[in-house]
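Counting from 1, position 450 in the sequence shown corresponds to residue 436 in the numbering used here; the numbering is continuous, with no gaps.
One thing to keep in mind: the hints can contain errors.
Said to hold, decoys possible - Lysine to aspartate or glutamate pairs mimicking EDC-like chemistry, simulated, CA-CA at most 16 angstroms apart:
id: 1; residue 1: K268; residue 2: E230
id: 2; residue 1: K253; residue 2: E191
id: 3; residue 1: K259; residue 2: D317
Claimed, not checked - With beta-carbon atoms standing in for the labels, derived distance ranges:
id: 4; residue 1: E462; residue 2: G209; range: 50 to 58 angstroms
id: 5; residue 1: D429; residue 2: H560; range: 13 to 21 angstroms
id: 6; residue 1: S498; residue 2: T807; range: 52 to 60 angstroms
id: 7; residue 1: D73; residue 2: T225; range: 30 to 38 angstroms
id: 8; residue 1: T678; residue 2: I712; range: 36 to 44 angstroms
id: 9; residue 1: T396; residue 2: D359; range: 25 to 33 angstroms
id: 10; residue 1: D265; residue 2: L144; range: 50 to 58 angstroms
Derived by calculation from the structure, the hints in this document are not laboratory data. Because the structure is a prediction, the values reported are computed rather than measured. Just so you know, even glycine gets a beta-carbon here, dropped at the ideal spot from N, CA and C.
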Amino acid sequence: MRRVRSRKLAIMLLFTFMATIFAAVPIASASATYSVSSVTKVNTGKCQELGTVKVLFHMAELDKTSYLTLRLPADFDFNLRTVPGVDNDKPSGSLLGSMSLVSDGGDYFQLKTSDGKAGKGVRIRIPNIANAMAVTRSVYGGGTITEHAYDAITVSNLAQNEIKITVDSTKARVNTNEKEGYFFIHLDNVWVDSGFSGDVDAVIEGQSGTVFRDGRVIVASVGSGSVEISVDGVKTITTGNLNEIDNIRFKEDRPGAIDDGDRIKLKLPNGFKWEYDADESKHWSYVDKDAEIFTIEKTEDNDRTLVIRADGESSTVPTYAILKGLKVIVDDETVARLGDVRVTVRGNASTTPGEFIVAKYGEYGAQAYAVGDPKIVYAGRTGAVADEYTEIGKFAIEEDVKASLVKGRTITLQLVGGAKWVRESEDRDDDDSYKYVKDMKIDSAESKNYNQCFKSPGQWQIIGNARDTIKYTIDEESSDAMKAVFEGARISISADARGDIKLVVGGTAGASGEFVVAEVKKPVTASVDGTAPDLTIGQQTVEIPPIVVTENDAEAIDASQGYKDKWLVLEFPHGVLPTKPDTVEVVEGDIQLDEDSMSAKYNSSTNAWQVRVRVKATSTKPSSIRFAGIRVTTDRTVPEGDLQVKVKGSALVQNGESSIKWADESSHEPELTNDFPGADYITTVAVARCGTPAPTDKKSTAVFTIGEKTYILDGEEITMDVAPYIVGDRTFLPVRFVSNAVGVSDESILWNDAARTVTIFKGNRVVQMAIGSRNMNINGASVLMDVAPEIRYDRTMLPIRPLSTALGCEIIWDDATRTVTINH
C-alpha cells in the first residue's frame, strides 16, 4: 500500500509542476503601430502640409471603443478652428467641437462638426486595400460600391496642438476577410510656429488597456529651406550651331524656400554667354501649377550671367520648375576652354550646389582608348586554334561631338608588339568570313548611340599582307555623340612576343589613340634539376640533369582533342643526339600525359633531334613536368658554350609553321598556322656546357653525288656498285660505303640475314638498324627515325642524316650540284 500511495503522489506533483509552466506563458497581443512614409521639410510662421501618420492595428484587439491622442509641439496649431489659417495667416477663432468624417471623394474624409463647420488642417483617409475598415462590393445590375467605416471615427480638439481620435469598435469592421485595419491622418494645413527649428515630433498616447499604445513619430523638419539645382544631362556644344543645353531644374525642398524678390544668378566661364527667347513661356514649365514663381529677369557681365527672379513665393506646395531651351554660345574661342562648362551659382537665394556642369565644349573629333585592364595572352597562341588567352581587352571609340565620324570614312586599328589579327575563317573560299577579324563585337551595356556609325560592328576587315591592321567604314553619322565599346577580338601572338600588345588607331575618319590591349606572358618556363655538366665535344652518351617544364598558369600547355594531337617537345641543337628519357612524370599539378608516346625522334624540317610526349588533358592548376634520364652524344659540329634545349611543340606554339596544317580538311579547321614561320619555340634551357673537342687522329671529307656510282674521299675517286637516290625529300646512300667513307672497316659492319639487321662499330659507338623499322639503336638506346632502311640492288640503303648523326659526322647538302658532303 505504501508503494501505491507514493506513485499517486508523484503523478499529482508532476501535473502540478506542468500546470505552473503552462500558466507562465503569456497570451500574445498585437498593439497598434504608427509610422510616417516621408518627413516633410517646412518653413516657420505659416500653414503647411506635414507628414502623414499611419495607424495600423489588429481588429481582434479592438474589443471596445478606444481612443488615441496626437500632440504636436507647443504653439503649433492643427488648424481646426472657426477661423482657419491660410498660408501666412495664423488660425484664429475658437476650437471646433467634436467632428465626424464626411467623404471628400474616394477614400479621403473631411472633418466636420454637427453644425457643418469644417476643419481645414486635418483629413482622414481609409484605403480599401487589404483593410478591415473598408471593402469594395459588387452590386446588383453590375458595378461596385466601396464601404468605409468612416462613421466609426470621431475627432475632437483637446488643445490647439492636440487632437483626440476615437474609434467605435462596433462600427469599425466592414471587411470580415481582413484581420488588420488601418487609417491615415493627413496633416494637410498645420500652423508651424515661427520660433521652432529641427524635427517636428508627433507624440501619440493610447488609451490604457486598449489596442492603442503610446508612440512617437517625426512628421516634419523645420529649417530655412533651399532650392536644389540640377541638369538633366550634359550635352556637347561647339562653336557652330550646336549650342542648346539640356533642361535645368529648380526644386524647393519645402514651400517658401525662396522668398519673393530673391534672385538666383547662373554665371558661365569666360568665353561663353547665355542666349534665350524673349517669350518666357517657351522656357518654363512647372510640375505643380500652383507654384509658378520664376522669371528670367536679365543677363549681366556681357551675357555671362543669367539672373532668375522669384515673383512671389510658394505657400503649401514646394516650387518645382524646369527651365528648358536655353543656349550656351561660344563667344570667344581664344578664351573658352574645351571640356566641361561649369556654371557658378550666386544670388541671395539659398541654393545647392554652388556650381554645376551645364554642358561640354568640344570640337568635332573622336578618341579611342582602353577600357579596363589589358587581357593576358600567351606567346605562341592563336585564336584560330584556341579561344583561351588569345582575346584582347576592351577598348572604346568615342565622339567628342555628334557626327564627328563622317559617313564613308574609315577607322583603322593596327596591332603593335608581335601579334596579328585572326580571321573569322582561314578558308580563302569563304570570302565573307575570311576577310573579317574573329569575334569582334560591341558591349552594348557600356556603349551608347553606336547603331548609326557601326551598323555591323563585327565586320572589321583585315587589310594588308602583314595582317596587323583592320579597318571599318563608318555607315552613318550619329545624331547624338556616340560611344562604342568593343570586345572579344582574337589575335595570334608570336612565340617571340614579349611585354605589351598595343593598338594604334588611325584612318580617314579622324579617330586617334594608342593604348595597351593585351599583356604577353610565356606559357611555361624551363629549368634543370641539378647542375649542368661539362661536356667535351665529340663525347658520347653523357647523362644530363632532369629537365623541368613548368606552367605559368593552369591550362598554359594545350592538350590533344579528338584528332588534334598536341605535343610537348624538347629540341636539341644540331649535332646533338639525345636518347629517349628513362622517365617523364608530372611532379606538380594535374596535367595528364601519354607516357607511352614519349620518344626521341629526328625532325628533318629543323635538322635536329627531339624528345617529345603527347599531352592528353590540360591542367586545372599550374603543373610541372620532369624529363629524367636523357643521355646525349655530341659530334664535332657542336659549338663551344652552353648547350641550349628549345621548349616547343604544338601544345605550346600554334602559329610557327611554314604552312597551315589543317586538322580537318572538310571543315577547314586549322590545327597549326603559319602566322610567324620560324618563331617555333617558347624558351630555352641550358642543360650542359660544351668544351674543347676530343682529340682526333684524322679529319676527312667524302662527297656523294645523286645518281653517280662513284664518290670522292679526300680527293680520291672510289667506285660503288650502287648510286645514291632521292625518295620524296630524303637522300638514300648505301650504308656500307658511307661507313667506309667515315673510317669504318668492312670488319666493323655486320649483317644478320636472319634478323635482317646491320650493326656498325665505330670507336665506342654501336649503331644497329633493322630493315623496315624506324627504330635505330645507339649504344642500346632506341632512337626513332622518320623513315626506315630498305634494300635496293642488294645493298642496305638509309637516309644519310640519321646515320651520319649516329656516327658523329657533319652533313652538308648542295642542292645546285645535288651532292652530299660528309665531314668526320
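A quick look at each hint next to the structure:
1. K268 x E230: holds (13 angstroms)
2. K253 x E191: Roughly 53 angstroms between the alpha carbons, so the hint for K253 and E191 is violated.
3. K259 x D317: Satisfied, since the Cα-Cα distance of roughly 6 angstroms is no more than 16 angstroms.
4. E462 x G209: 50 to 58 angstroms: Since the Cβ atoms of E462 and G209 sit about 52 angstroms apart, the hinted range of 50 to 58 angstroms holds.
5. D429 x H560: 13 to 21 angstroms: Given a distance of about 50 angstroms, which is not inside 13 to 21 angstroms, the answer is violated.
6. S498 x T807: 52 to 60 angstroms: For T807 against S498, whose Cβ atoms are near 58 angstroms apart, the range 52 to 60 angstroms holds.
7. D73 x T225: 30 to 38 angstroms: For D73 and T225 the Cβ distance comes to about 49 angstroms; the hint is violated.
8. T678 x I712: 36 to 44 angstroms: holds (37 angstroms)
9. T396 x D359: 25 to 33 angstroms: holds (28 angstroms)
10. D265 x L144: 50 to 58 angstroms: Distance hint for D265, L144 holds at roughly 55 angstroms.
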